[in-house]
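Undergrad: Just so you know, the sequences run in chain order A and B.
Just so it is clear: in the first sequence, position 38 is 38 by the numbering used here, and no numbers are missing.
Heads up, the numbering used here is the position in the second sequence plus 1000, with the first residue counted as 1.
Keep in mind the hints are simulated off the structure, nothing from the lab.
All values reported here derive from a predicted model rather than from experimental measurement.
Among the clues, some could well be false.
What follows is a list of derived Cβ distance ranges for each label pair [unchecked claim]:
{"#": "1", "chain 1": "B", "residue 1": "F1089", "chain 2": "A", "residue 2": "L185", "range": "22 to 28 angstroms"}
{"#": "2", "chain 1": "A", "residue 1": "E58", "chain 2": "B", "residue 2": "I1096", "range": "40 to 46 angstroms"}
{"#": "3", "chain 1": "A", "residue 1": "M166", "chain 2": "B", "residue 2": "A1109", "range": "48 to 54 angstroms"}
Coverage of chain A stretches by chain B, computed from C-beta distances (three or more under 8 angstroms per stretch; other residues unrestricted) [said to hold, decoys possible]:
{"#": "4", "region": "60–69"}
{"#": "5", "region": "130–142"}
Where is the CB? At the ideal position from N, CA and C, for every residue including glycine.
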Amino acid sequence: MSFSSQRLALTQNSSKTIEELKKKNLILTLTLRKSQILADENEKLRKALAFKEDKKVEMTGVEIASFNPSTWRRLVIINTGKDKGLRPGLFAVDSDGFLVGKLVEVKNNFSRLMLVDDPEFSLPVYIGNDSLGLLSGGLDVVKIQYIDISDNVKLNDIVWFKTSLMSCPVYVGRVRKINENKNGLFLDVDVQLFSQNPLVKKIFIIK
Amino acid sequence: MTERNLKALTVLLIFFLLDTVKPFTYSLITEFTFLGVVLICLNYPLKTSLFFAAIFGYFKDAICNDTSNLNLLEFSAVAVLIHYCLRNFHGKAAKILIFFGALTAHIVANNFYISEATYLFSLLFFIHSSVIFLLINRLFGQWLYGEPKGDNVI
């Protein structure tokens, strides 16, 4: 065998080895990515479990099945309904225990969840220690309206709510901006939500 | 159904699926179905455009469950108005202006529907939708209505 043909065979072998190594590298990268995703999910479930045990609340884990096709509404369809004991008015939180939305429609095996930033979302909330207002969702900004002008609301005050059925408060966000209402009787407050993107987080319904 | 119409149906179904799955969740502020309907209206005859606009408007209303017939009416009106404009104005620039007009009308209609004037969100919707429409037109244009590259809507 001549030198050039030996060299050619060696080059072909090297090319094959490189191809195989590339394939192995790709498989390992994908496996690593999958492990990272599983680790993240595990972490979120641990957090949710800690929240459930710490606050002593009954929760059901749900997944988003689809979104409302309109971008102008923040409604999602979740894969659980009356079959798991859900009912309209229940609140949804993320793995950190922050408010995500509330159930507006419950069918046998799916439900419609209205997210906090939906334009039709509203909920009475507390700001800081003793101020009360009405949280209204919005695509540009989530606001709290009808806060008494004499209330001592400060920037970064925590926004939270609690119903008679809950044993602990649920946190919504923090005060980002304070505006005086046009009529001068109330304060309007812009809220920075704690929970941001529903798809990357597990959702839990507080029963 | 002709091959051309079948292609349009496929594209609209994919876009409708994208709207319900939202792979980018709420980071990408656009409506693929609406963009698809506008694209079809700009490049297909009135009868076909109106048919697809009505069908997909109805689908959207059925899934949204709370819009009564807003999308059915809006998409059908958009199809008719786009064809009315195309009869009177010709050329690439006219098509671009018609697209921007349709987008603006969609934004206004939805601001009325949610009873709220959203400035930042509307601006983002306009920008994201324009960029996505440009991409869709580049990617699907040649396959969808067989025009040579660089000679389609935008």
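Undergrad: Look at the Cβ atoms of F1089/B and L185/A and judge whether their distance stays inside 22 to 28 angstroms.
TA: Violated, at about 52 angstroms.
Undergrad: Confirm or reject the claim that M166/A and A1109/B have a C-beta distance inside 48 to 54 angstroms.
TA: For A1109/B against M166/A, whose Cβ atoms are near 39 angstroms apart, the range 48 to 54 angstroms is violated.
Undergrad: For the region 60–69 of chain A, do at least 3 residues have a Cβ located nearer than 8 angstroms to some Cβ of chain B?
TA: Per the Cβ count (4), the hint holds.
Undergrad: Against the range 40 to 46 angstroms, how does the distance between the Cβ atoms of E58/A and I1096/B compare: consistent or not?
TA: Roughly 56 angstroms apart at Cβ, these two residues miss the hinted range, so it is violated.
Undergrad: How does the region 130–142 of chain A fare against chain B when you require at least three residues with a CB closer than 8 angstroms, holds or violated?
TA: holds (count 3)
The structure is inconsistent with the numbered hints 1, 2, 3, although it conforms to all the rest.
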